[in-house]
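Residue numbers (the working numbering), protein chains in the order written: chain A, 8 to 344; chain B, 8 to 344.
Keep in mind that a hint or two might mislead.
No copy is singled out in the list; a pair is fine if it fits within one copy or between any two copies.
[Claimed, not checked] In silico BS3-like cross-links for lysine-lysine, where the CA-CA straight-line distance does not exceed 30 Å:
no., residue 1, residue 2
1, K330, K280
2, K225, K327
3, K219, K95
4, K94, K220
5, K316, K245
6, K327, K306
7, K294, K312
8, K274, K306
9, K27, K239
10, K272, K239
11, K245, K312
12, K87, K272
13, K312, K272
14, K330, K87
15, K316, K239
16, K330, K294
17, K94, K312
18, K327, K27
19, K239, K87
20, K35, K219
21, K87, K219
22, K245, K225
23, K272, K327
24, K330, K306
25, K219, K272
26, K294, K306
27, K87, K306
Hints listed in this document are in silico derivations from the structure and should not be mistaken for laboratory results. These figures come from a predicted structure and were not determined experimentally.
The primary structure of each chain is shown beneath.
There are 2 protein chains.
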Amino acid sequence: MKYVRKKRLSADAYVDGILKGNRILLSKSITLIESSLPEDNDLAEEVLTTIIPFTGNSIRIGITGVPGVGKSTFIESFGKQVTSLNKKLAVLTIDPSSQRSKGAILGDKTRMETLSVDPLAYIRPSASGSALGGVAQKTRESMLLCEAAGFEVIFIETVGVGQSETSVYGMVDFFLLLMLAGAGDELQGIKKGIMEMADSIVITKADGENKKKTERAKIEYQNALHLFPLSKTGWYPKVLTCSAVHEKGIQEIWDLIIEHNQQLKEKGFFEIKRQEQNISWMHNIIKDTLSNRFFNNEKIQELIKEQEKMVATGQIPTIKAAKSLLSVYDSYRSSAD
Amino acid sequence: MKYVRKKRLSADAYVDGILKGNRILLSKSITLIESSLPEDNDLAEEVLTTIIPFTGNSIRIGITGVPGVGKSTFIESFGKQVTSLNKKLAVLTIDPSSQRSKGAILGDKTRMETLSVDPLAYIRPSASGSALGGVAQKTRESMLLCEAAGFEVIFIETVGVGQSETSVYGMVDFFLLLMLAGAGDELQGIKKGIMEMADSIVITKADGENKKKTERAKIEYQNALHLFPLSKTGWYPKVLTCSAVHEKGIQEIWDLIIEHNQQLKEKGFFEIKRQEQNISWMHNIIKDTLSNRFFNNEKIQELIKEQEKMVATGQIPTIKAAKSLLSVYDSYRSSAD
């Protein structure tokens with residue numbers, strides 16, 4: 008492993024580069040964080056620990072929506088809106104599927120042609136490693152590195168649909184859900200509960216023939232959101248429409264995010280939300296680690312399918328199966344100690 | 008502990024009593040299951056293992072709603088509907104708060120005056136123990152005992168609002184959400200995401216002056232549900248109204264549940280849903296156990312508040328805090344082995 012070590016810089020060199028806004032070193036440090044080598048982990052931890060005081064100064068925006076909703080086009084258009092205000096923007100992608108399908112995110116920069124050549128924008132494709140806490144973990148840390156490098160607005164985009172939305176929700180200030188008008192089949196892909204996490208629903212493709220449909224959808228969704236419980240921050244989620252290709256309605260989305268930001272800051276909820284996110288993040292890392300260790304344990308993997316089958320068909324009580332797996336795990340671990 | 012042991016019967020005696028539908032032995036076996044004594048656990052496990060082949064033959068219905076929605080009145084009325092069809096009904100209550108507030112469930116039987124004297128009905132207040140997996144765990148096992156004792160319909164009622172809804176959702180065939188018309192403040196208590204779990208929303212108190220309001224609410228909720236993704240079983244959640252005091256609309260709810268039951272059975276989803284519930288239940292028990300062991304560990308409890316504070320205020324990276332707690336835990340456990 009010695010030859011790998013040679014390629015690495017010192018923690019100071021990374022930190023220095025990041026704080027100077029050096030993109031090559033920012034990218035390298037994100038790669039470092041994504042690495043699954045134990046030695047890299049120590050170095051990554053050192054870098055992260057050092058940059059912590061310089062983080063937290065961005066507006067963190069989660070953007071999600073089913074494939075076909077026009078996410079890339081939206082991010083291009085909305086990203087340009089952000090950089091036109093002379094703000095430094097980082098776009099991070101969280102894509103749990105990228106491990107399996109690999110190629111899925113290769114097209115990230117071509118997906119966002121204009122933004123990728125914008126000097127104020129930095130686009131980073133998804134992490135594909137998944138050690139402690141998985142992909143979301145890496146994305147969260149990448150976000151902190153971007154903040155330390157001076158990025159003022161961070162987009163965290165989810166690719167595809169799945170569990171990642173909840174993770175993103177837990178790391179952003181504002182959660183934006185893109186939706187298509189004409190509901191029906193397109194909606195099938197949206198995981199239950201996601202609509203309720205949204206700080207705003209934006210109905211895309213409000214142009215041409217589609218315009219009437221989006222206006223109707225806007226009213227429907229706004230009515231539906233009325234039935235949801237108000238979040239404890241007192242923020243009332245708003246439904247907007249936009250046309251990314253005609254650049255209509257984009258400014259309004261930014262204004263809404265600023266309004267949300269100010270309102271939460273005035274009421275003190277902004278800081279509280281971030282602190283709570285940090286604490287529950289720590290709990291989640293711990294729970295995930297404990298759970299991953301268990302389910303990835305070779306002895307458990309050998310036994311669990313059989314137990315699952317017996318539990319599913321009711322041959323043994325669930326509790327008994329769980330307990331017996333737990334005691335196998337315990338004796339296996341203590342013999343390994 | 009020897010003197011406690013004397014009070015206990017043999018596993019066979021419990022099982023025999025349960026299978027004969029003996030309510031005293033059913034109640035005793037539920038008490039046994041709720042016990043937190045390790046010796047009781049072994050016996051409880053033996054009883055559960057033996058009765059497993061006799062379980063699963065009921066319709067499991069989860070009933071939830073905010074305080075004030077009229078849950079007790081509804082259960083009285085709906086329960087009478089069930090027993091009027093000559094079906095044996097068990098009503099179990101899941102109440103995570105009962106550990107703290109104790110008295111909370113003492114009134115269970117007076118809450119349901121008619122039902123509690125109905126020979127076909129069996130009402131059992133919430134478990135208050137919380138060993139492996141908590142209160143929901145006990146309720147789930149009590150449900151199995153009731154099934155073995157020949158109960159054909161089980162209501163699992165949640166008291167108050169909180170996490171218990173998700174647990175109930177994971178153990179029933181049909182999830183019924185009671186709602187009040189005139190939304191607004193009453194809705195605040197409903198946890199995000201609950202509406203989306205419902206197989207049916209029933210708007211209560213559809214009588215007198217309230218009738219128009221409930222009809223309007225029915226349409227609103229039905230429209231809102233249209234915006235939700237369809238569940239993979241293909242069941243389309245329906246909104247109904249009822250007046251428990253005037254016993255209006257009660258029959259329709261039962262009919263809907265039967266329709267749901269038949270539809271899912273025809274498509275094969277009924278069995279699949281139950282099998283999936285069993286497997287994810289096993290995973291949950293394991294995850295909860297691992298997590299409870301960690302967070303209840305005395306060394307961790309000594310250290311975690313400080314780590315949380317430092318994480319919240321950004322003094323150390325979340326991942327570092329999590330890792331350091333995990334390594335303390337590991338060394339503590341291996342020295343204890």
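Checking against the hints above, which ones are violated? Of the numbered hints, 2, 3, 4, 5, 8, 9, 11, 14, 17, 19, 20, 25, 27 do not hold.
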